[in-house]
Amino acid sequence: MAQDTGRTERKASKGAARGTYAVGDARRQKILDTAVEHFAQWGFNASSLARIAADCGITQGGLLHHFRGKEDLLLSVLAQSERHDVERLFGEPAESVAAHFATVVELAADNERRPGIVRMFNTLVGESGNPEHPAHAYFSRRYARVLGYTVDLLEAGVARGELRPDTDCEAVGREILAVMDGLQIQWVLTPDSVDMPARLRGFLDRLLRDIAATRQAVLPDLVGRRGPGGASTTGPGTTGPKGSPHRR
0 MAQDTGRTER KASKGAARGT YAVGDARRQK ILDTAVEHFA QWGFNASSLA RIAADCGITQ
60 GGLLHHFRGK EDLLLSVLAQ SERHDVERLF GEPAESVAAH FATVVELAAD NERRPGIVRM
120 FNTLVGESGN PEHPAHAYFS RRYARVLGYT VDLLEAGVAR GELRPDTDCE AVGREILAVM
180 DGLQIQWVLT PDSVDMPARL RGFLDRLLRD IAATRQAVLP DLVGRRGPGG ASTTGPGTTG
240 PKGSPHRR
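Once you know that position 24 of the sequence shown is 23 in numbering that gives the first Met the number 0, the rest is easy, because the numbers rise by one and skip nothing.
Since the hints were derived computationally from the structure, they do not count as laboratory data. If a hint is listed, it holds; no wrong ones were tucked in.
Beta-carbon label-pair distances, calculated as ranges:
| id | residue 1 | residue 2 | range |
| --- | --- | --- | --- |
| 1 | Gln79 | Arg159 | 33 to 39 Å |
| 2 | Ala45 | Glu94 | 40 to 46 Å |
| 3 | Leu63 | Asp151 | 39 to 45 Å |
| 4 | Pro114 | Thr213 | 36 to 42 Å |
| 5 | Glu70 | Glu94 | 37 to 43 Å |
| 6 | Val178 | Ala98 | 15 to 21 Å |
| 7 | Asp24 | Gln185 | 33 to 39 Å |
| 8 | Gln59 | Asp191 | 36 to 42 Å |
| 9 | Tyr142 | Gln79 | 16 to 22 Å |
| 10 | Asp54 | Ala78 | 18 to 24 Å |
| 11 | Arg140 | Gly68 | 19 to 25 Å |
| 12 | Ala98 | Asp32 | 27 to 33 Å |
| 13 | His64 | Asp151 | 37 to 43 Å |
| 14 | Tyr142 | Gly61 | 31 to 37 Å |
Built from N, CA and C at the ideal position, the CB exists for glycine as well.
I would like the entire structure built from these sequences, with the hints used as guidance.
This is the structure we're talking about:
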């Protein structure tokens, strides 16, 4: 009987520990979610741990139980967002450039459902131009990594014969990132007037037709789609000029 009682007590203790961990995890996630909104609205420098803690219904000391300080909280927020994007964009190697472009459009649609994250990134990217900013190294590495991945994917497309051999892969990669960032800024400013996935889809479709080795290239989900004014985004006349900046 004593042994049974001991086992019961150990099970109860483990159950209580799991419950404590669950509460701690939920509180940590609430802090991260709240920090996203604060960093988006005020940036890193003007954000306050005390205000973040108050909005979470805890003391600043309670917040510091989970994060060592404001810089640690910022980097934790960025790391969480990074994991989400990596899973969506880099989870599995794309079978083609067209398939990768379609995934990029899906990521833009996903970002429309995460307005706080998008606003935060726009704010922090501007701040992190200062080398002393705690996120400067993070954003420098992030852009280098995403650009490198995109260039490698485009070069693989050239090697497979999917893209024209004279495609300037680095220039195209930089242009894609610039358009994505520009559309995000426009969407944050006027979300009701900018269809971010549609605009990005139209750009990538025109780009693909410009650099593709065959004129039949099209993003997987674009066949027959109508653009603004009823113009087809997959019809003739969407290829770039002969002196295209996408070619060497």
